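Engineer: Sequences and hints are given; from them, build the entire structure.
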Amino acid sequence: MLKRLLLVRGAELLLFALLAAIPLVVTSSYALGLLTLLAIYGILLIGLDVTVGYLGQVNLGQAAFLGLGAYAAGIAVTRYGAGIPLALFMAGGLGTLLGALLALPALRLEGPQFALATLSFTALTATALNELEWLTNGAQGLSLQVPPLLGHALSKREFYWLCVLAFAAVWLAMRNLLSSQWGRAFEALRDSPIATDAMGVGTYRHKVAGFAFGSGLGGLAGGLYALNFEYLQPQGFQYELTVILLLGVVLGGRKSLWGAFVGATLVALLPNLLSSRFLFQAFSALGLAVALFAGLRGLARRTLRPFQALAPIVATATLVAGGFLVQNTEDWRKAIFALMLFSVVVGLPEGLMGFAGRALAALFRVAPPPLPPPAPLDEVLPPHLASGAPLLVLAGLKRWFGGVRAVDGLDLTVRAGQVHGLIGPNGSGKSTVVNVVSGLYAPTAGALSLRGAPLPQGSLFQAARSGVARTFQNLQLFSGMTALENVMVALRGAYRVPLPLICLGLGRGEERRAQAAALALLDFVGLGDQARTPARDLTYGAQRFLEIARALARRPDVLILDEPAAGLAHPDVLKQVELIRRVHQRGITIVLIEHHMDVVSQLCDLVTALDGGRVIAEGTPDEVKRHPRVIAAYLGAVEPAVEPAAAPPAPPAGVPAT
Amino acid sequence: MPVSFIVQMAVSGALMGLVYALVAYGFQLTYATSKSLNFGQGELVMVSAFATLSIMGTGLPYPLVVLLGLLFGALLGLAVERTGVRLALEQKSEGWILLTIIIGLFLFSFAENVWGRDDRPFPTPISSQPLNILGIDVTPVELSVAVGVLAVMLLVEAFKRTTLLGKAFEAVSADRDASELMGISATRTVMLSYALSGAVAALAGILVSPITTVGPTMASALVLKAFSVAVVAGLESGFGVVVVGLFLGALESLASFYVGSGWRDAPGLVLLILALAVRPTGVFGKAVIRKV
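Keeping their order, the protein sequence lines are chains L and V.
The letter at position 602 of the first sequence is residue 602 when you use this note's numbering, and the numbering goes up by one with no holes.
With positions in the second sequence counted from 1, the corresponding number in this note's numbering is that position plus 1000.
Note that these hints are calculated values from the structure, not bench results.
Hints are not guaranteed to be accurate.
Restraint-style ranges between C-beta atoms, simulated for each label pair [to be verified]: (1) Leu1165(V) with Gln462(L): 47 to 53 Å; (2) Phe1257(V) with Gly505(L): 42 to 48 Å; (3) Arg305(L) with Arg1279(V): 34 to 40 Å; (4) Arg277(L) with Leu1165(V): 48 to 54 Å; (5) Gly567(L) with Ala1158(V): 43 to 49 Å.
Owing to the predicted nature of the structure, the values given are computational and were not obtained by experimental measurement.
Yeah, the Cβ is synthetic: ideal placement off N, Cα and C, and Gly gets one too.
Structural biologist: As C-alpha cells, this is what we get:
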C-alpha cells in the first residue's frame, strides 16, 4: 500500500513539482514559452485521449475545439472585458457544449465515418472563424491583452504557474474519473457496445458525455492558449494541427495520462528539435538504434511480423540518411514527423508510455489495493417472493425480417418466480424472441409488458433499465476488464455521486461498496477467487458463469438465459444447472433457452415450444416432450412418408441466425 | 438575377462535382474489398498530378503521359496498401486510419520539397475556349472532366461484372472469409482495389489540374468534399456518388455566390454531418441489422 503510494503518486507529485520549479532556475523567456505550451498541450491531449484512447475512436476535431476555446476566451476578454476565470469558463463551456452537439450525431458512427465527421467539423470551424469577421476579426486576427487576475497583473512566469496548476487539476480530475464507474463504462463500451447497453449502462450517453468532456478540455486549453499568445488567427487551428495532436496522443501512448504528457512534450518541443541539425542527427540515430534493437529482437523471438520489425528500421534509417542529405530540416518537418510516427505506430502500437509502462510495471511490482470483504448476499440480491402472478406478457408478438417471419404472432406469459423454458429447433424464433424482449430489435407488431406496464421497445438500454437482464449465446463479456469489473460495471443503483464530485475524488466510498457487492455476486457464482483475472483469461465455463453474475448485478425482475449450457463440458453443465437453481431459489424469474433437454427438464416449471415463429406446445417439460407436434418439429413427421417432401426453400440472405 | 446565370453556375459547379465523385469512387473501391479507405487520398491525387507534369516535361505524347500518370497512381496506391493498410487489416484494427494519414503527411511534405510550394499550370491539348451549348458556356476542358469521370467509372464497373478477376473482386466485397475458402486471395484482391483506387485518384488529378493548377494544397479541399460525397451517398453505391457529386458541386457553386466565396466549402461539410446524423449508412446505402 505504502509502496504504491510512494511510486505511483510520488512520480506524479515529482513531475508537477519539477514543472513548477523549472522557471525558478531557467529564466529565459523562450524556455518559459515552451513550458507554457507544454502545459497547455498536456490539457489538450488529455482531452483528446478520452475519445482516442478510451472511446477508441479516431478524433480529428480537437484542433477545432482548441480554436473555438481560444476565440471564446479572446472574444470574452476583448468584447466583454471578462477576467481570466470567466474567460476560461467560457472557453471550456463552449468546448463542452459544441462537443455535445457534435457528438449527438457523430457518435452514432464508428471508425472511419466518425473520423470524417470530426474532420469536417474542423474544416467547418476554420471556415467559420475566418468568415465571421464581425465576431472574430477574420483573417486579420484577434489581439487581446491578459486581464489581471484578482487585481494582480500576471507576469509570464505567474501565467505559466497558472497553466501548470490547470494541468495538474485536469490530471487529477481525469484520474478520478477514470477510476470510477465512468472509466469502467468507457472500457466496457469499447469491448462490447451491445452488452454495455444490455447491462443498462448506456453506450451512447457515455460516448456523448466522454466526447463532450474531452472537447471541454480542448476548449479550456484553447482559453489558456489565447491568453498565452495574446493573438489569434484562424489558420492556426486546421487539419495539420489536428493531425499532429492526434499523433501526439498515439506517440505518447493511448489511455495514459503520462502518455498525454509525453506526447505534449514531443509536440511542443518538436520544432526545436528540428532547428538544430546536430540534435536531429543524434535523435534520429537513437531512433534507429531502438528500432534495430527492438526489431531484431522481435524477429529472433518471433514476436513481431517481418513487416512490423523492418518497416520502423527503414523509416528511421531514412531519417538518419535525411539528416545528412537534406539542406534544411525545417522544410521537411512534416515528413520527419510522419516517419517518426510511422515507426512508432507500426513498431510500438501502444506508444512510448504504453511500452515504458509495461517495462516499469515488470520492474516494480506494485500490488493493487486490497479488496473489501464481500457484502452480504441478501443486500446485493434481495430474495423475491415467488408469487406466480403474470410478470412478463407477450401478446401477438411479431418480428419480420423482410419476408422472413422469424416470430409470427406469439403469445407468452411468464409467471413471477418460475423458470420458463423456451425450446424449439434451429430457426424456430427463440433467439428473435429474446432479442425483441431485451430490446435489441423492435417488434414488427404486438405488445410486451412487464409487471403490467408496457416494456420499452427497440432499446437494449431502456429494456435493461426496466428490469430485464440477459446473457448471450455468443459471450459478450467485457473481455479486457477483470471479472470484478465486469460485475461492477453492471451494478444497478450503486452509483449516485454526480460527475463533478467524482472528478474531485469524492466517489471512493461508493466505489468500495460497489466492489463489496460485486465480490458477493462473484462468490455466488463461484468465481470469488478469480476477481482480478481478466475476463478473456477465464476458462470458457467460468466466462458463462461470469455472464450470469453480471446479469444478476442488474437485480433483474426477469433474467433471460440464452443457451447458458451451450458448449460447456459435462461437469460445467452440472455446475451451471446448480447455479441456475440457486438463482431461482432467490425468487428471480428466469426465461431459459436451451437445447440440452435434460437441463430443461431439471430446471423448468413450464416449457413453451416454438416452431416457425409460433407456439406449438406449452406445459410441463414432460408434457411438452411427448407432444406430437414437438416431436414432429424436431424429427419430422412420424407417419410413414408417402412421397419425399420437397426441399424447403433456403432463407434469403441477411436473416440473423437463431 | 437571370435564370440562365444561375443555371450556368449550377452546371459548372456540377461538372466540378464529378471530380469529387471520382475521388469518392476511389474510396468506394477500397472500402468494398477491405472496409478501409485512404485518408491520404488527396495527396495521391496531388502527387500523381505533379508526377504527370514531370513526365510531360520529357516531351512524350499526351496519351502516353496520361497512361504513365495512371500507372504511377496505381503504384502509389499499392505502396499505400503495403505500408499503411495491410498490417492493420491483418490485426483487424482500425490502425489504417492513422497510418494512411501519416503516409499522406509524408507525401505532402515530399511534394512540397521536391516540386515546390507554388502552384503551377498544367498544360493540356484540350482547348479551354468556351462553347455555347443551349445558352450555357462550357469549356471543352470541363467537358473532358465529365467524359473522363463517367467513362472510367463505367469501365471499372464493367470490369467488375464481366471479367473473372472482377467477379473475385465482388466476391471479396461480399464476404471476405467465404471467398478465401473458395480459393480467392483476399490480400491480392485488396491490392488490386488499392491499385485501381490509386489510378482513379491519378485520373482525378490529371483531369482537374488544367482547371485548378497543380500545387501541394490542390487536393486538400477536394478530398474533404470527396469524403462528404462518399459518406452522403453511402460507401457502397457507385451510382450514388455521381448523383451526390453533381448535387454538391452545384450546391457549393451557388452557395459561394449567394453567401460568400469563403463559405464555398461549408455546404459539403454541413451535408456530411447532417447525413451522418440522419442516415449513417448514406442516402444510397443499405441499413444493417445488428446481430448478437
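Engineer: If I claimed the Cβ atoms of Arg305(L) and Arg1279(V) lie 34 to 40 Å apart, would that claim hold in this structure?
Structural biologist: Because 39 Å falls inside the window, the suggested range holds.
Engineer: When you take the CB atoms of Arg277(L) and Leu1165(V), is the distance between them in 48 to 54 Å?
Structural biologist: Taking Cβ atoms as reference, Arg277(L) and Leu1165(V) lie about 50 Å apart, which means the hint holds.
Engineer: Is 47 to 53 Å a correct range for the gap between the Cβ atoms of Leu1165(V) and Gln462(L)?
Structural biologist: Check passed, 49 Å falls within 47 to 53 Å.
Engineer: A range of 42 to 48 Å was offered for this pair. Does it hold for the Cβ distance of Phe1257(V) and Gly505(L)?
Structural biologist: For Gly505(L) against Phe1257(V), whose Cβ atoms are near 56 Å apart, the range 42 to 48 Å is violated.
Engineer: Is the distance from the Cβ of Gly567(L) to the Cβ of Ala1158(V) consistent with 43 to 49 Å?
Structural biologist: At 47 Å between Cβs, range holds.
Going through the hint list in order, the structure does not satisfy hint 2, though it satisfies all others.
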